[in-house]
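Please model the entire structure based on the sequences and the hints provided.
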Amino acid sequence: MTEKHAFRHILLAVYGVLACAFILAPLLITVVNSFSSVAYNVFPPEGLSFRWYVNLAAQSEFYVAGLRSIILALSTMAVTLTIGTMAAYALVRFRFIGRGAVNGLLMAPVVIPNIAIGVAMFMFIVRLGIVGHYSNLLVTHALVSLPFVVVIVSVGFTNFDWSLEEAARDLGAGPFATFFRVLMPQIRTNLIIGGAFAFITSFDQVETTLFLVRPDQNTLPVEMFLYLQKWQDPTISALAVVLIVFAAFLLVLLSLALRGRQQIASVLRAERH
Amino acid sequence: MTAAADTLAEPRPRVPQRRRRRYGAILLLGPALILSLYALILPMLVFLRYSFYRFERGRLIEDWSFDAYIDFFTDPFYLQIGLESLQIALTVTVISVLISYPLAYCLWRLNRPSLQKWLALIIFSPIMVSVVVRSYGWQVVLSDQGVVNQVLLGLGIFSEPARILYTALAVIIGLVHVFLPFAVFPMYSSMTRLDPALREAAYDLGAGWFSFFWRIALPRTLPGVIAGAQVCFTLALGSFVTASLLGGGRVQVFPIEVYRATAEINWPTASVANLVLLILAIVSVMIFSRLARLVED
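Same order as they appear, the protein sequences are chains C and A. Heads up, the first sequence is in this note's numbering, so the first residue is 1 and it goes up one at a time. Heads up, the second sequence is in this note's numbering, so the first residue is 1 and it goes up one at a time.
Simulated from the structure, these hints should not be mistaken for lab results. Check the hints yourself; a few may be wrong.
[What the hints assert, rightly or not] Selected chain C positions facing chain A (Cβ under 7 Å, derived; list incomplete): (1) Leu81; (2) Thr140; (3) Met224; (4) Leu226.
[Claimed, not checked] One side of the interface only, derived from the structure: several residues of chain A facing chain C at Cβ under 10 Å: (5) Ala25; (6) Leu29; (7) Thr167; (8) Val241; (9) Ser244; (10) Leu277.
Even glycine gets a Cβ: it sits at the ideal position worked out from N, Cα and C.
Shown next, in the form of structure tokens:
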């Protein structure tokens, strides 16, 4: 019995290791490839060099695009956190006619393919005559990331002990003071995770951006995507390594921000008090 | 809040509702609703309108005609695209579920917290890396002289490099990889809702691990499986970046056709293809939520 038990566990462990290999393979191989000395994809690399990093350093459009993407992602995050938290509060706290429909409408961008949103928005802004305007990107990215913020913050509000709010109001705190000093500290983890989702959704957005961006003002993923349509040298590998390091940096930042908080999984679902 | 108190069909905690000040709801929902109206509803109406335009000799003609619809539904090329899109999305969904369920189980069963943390990090952190980067990674792995081919050649399975890149297979592999975290998460989350006492009870009553899995664990985690499958299916149907980088123009799916037609100013065709894509997505969501309800009963 015990031996069969152990065998099953070994099998499961082997499976876990294989699955991890599958998940990490393309990332690790990209890292190796970025040090390749030749321009074509060959494994193992024929020689090692830093030439793709040197090449990357010379391509200033990637930095500018990267900066643009970060600014856009931060703006998207600020907008969605603000209006998403407001909406989540209303959805959790009030019962009103059409609540289900409002919720469905706000969640719709999750199930609608992003490319459909991008094309529709493109045709719409052509009609309005505002092609190339920055607001188009911000509005569309906010729309696409809003559902994540609404869901994650709603869970925080659902788990919130509302007698605290009543107490604060009874003691004379105004609605804003109550929100910032009583509610916000309690749902901080949800706000951080929701914000991170909004940032990543915007930072990684290609399908909608592709239609809305001015050709001389590409965001980073679009710039990379278009570069890959033309060339396939390991410059993109070098850039990918930079982005993987950036993702790791964000992850460290996120775990620092969430240090000492409850299990993240429990923050993401409604619990009984 | 302990796991044991966390029963399966827990009712949502009752949040006291404030009946007064209903205008508060409108005020708070206002900005989000205006955003949805401006960036979703109005654009959808505009693109629907364009589907009734005509496209002649490279020009758009304002009209109320069904030309684009008739062209779309009678051209075998679009039928082919539809079939390929559905086929790829279905294959990706089935493979993702088959790979993710045991992986979610691994994550759930690991009893060393530090190991569990690392496994979760490996599974979920790829979300932080751009889809463009991950698809490019698969380009490198699957290319003619890439790792996979070198291994296959080295083992003597093939005598010459297999063409994997720029085929539907490459797209499927890439999509499974990109969606894996989205499939694992709902499954894992449904597993954490399983009461550990159930396991003890089943084993005490003499059930083997398989009958525990088949008769108790699986039925109770099926909602997670369906949620994961739904995410994979809708995302796969709408995938553009991975399909175009790993398909290299040789794999024709709806999003690629929508992009191509839009770039060629054939907006009526782009709109019809877009509408079909939208309807497919909505129908699949309806089917999956129907399945979810069936499973929960």
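Against the structure, the hints:
Because the smallest distance between the Cβ of leucine 81 of chain C and any Cβ of chain A comes to about 12 Å, over 7 Å, the interface hint for this residue is violated. Restraint check, threonine 140 of chain C versus chain A: the minimum CB separation of about 6 Å is within 7 Å; hint holds. Taking 7 Å as the C-beta contact cut-off toward chain A, the hint placing methionine 224 of chain C at the interface holds, the least distance being around 5 Å. For leucine 226 of chain C, the interface hint is violated, the least distance from its beta-carbon to any beta-carbon of chain A being 10 Å, above 7 Å.
The closest approach between the C-beta of alanine 25 of chain A and any C-beta of chain C is roughly 4 Å, which is under the 10 Å cut-off, so the hint is satisfied. At its closest, the beta carbon of leucine 29 of chain A sits 5 Å from a beta carbon of chain C; the interface hint therefore holds under the 10 Å criterion. Because the closest C-beta pair between threonine 167 of chain A and chain C is about 16 Å apart, greater than 10 Å, the hint is violated. This hint holds: valine 241 of chain A has a C-beta 5 Å from the nearest C-beta of chain C, less than the 10 Å allowed.
Among the interface hints, the one on serine 244 of chain A holds; its C-beta lies about 8 Å from the nearest C-beta in chain C, closer than the 10 Å criterion. A hinted interface residue such as leucine 277 of chain A counts as satisfied when its beta carbon comes closer than 10 Å to some beta carbon of chain C; here the least separation is about 6 Å, so the hint holds.
Violation of the numbered hints given earlier is confined to hints 1, 4 and 7; the remaining hints are satisfied by the structure.
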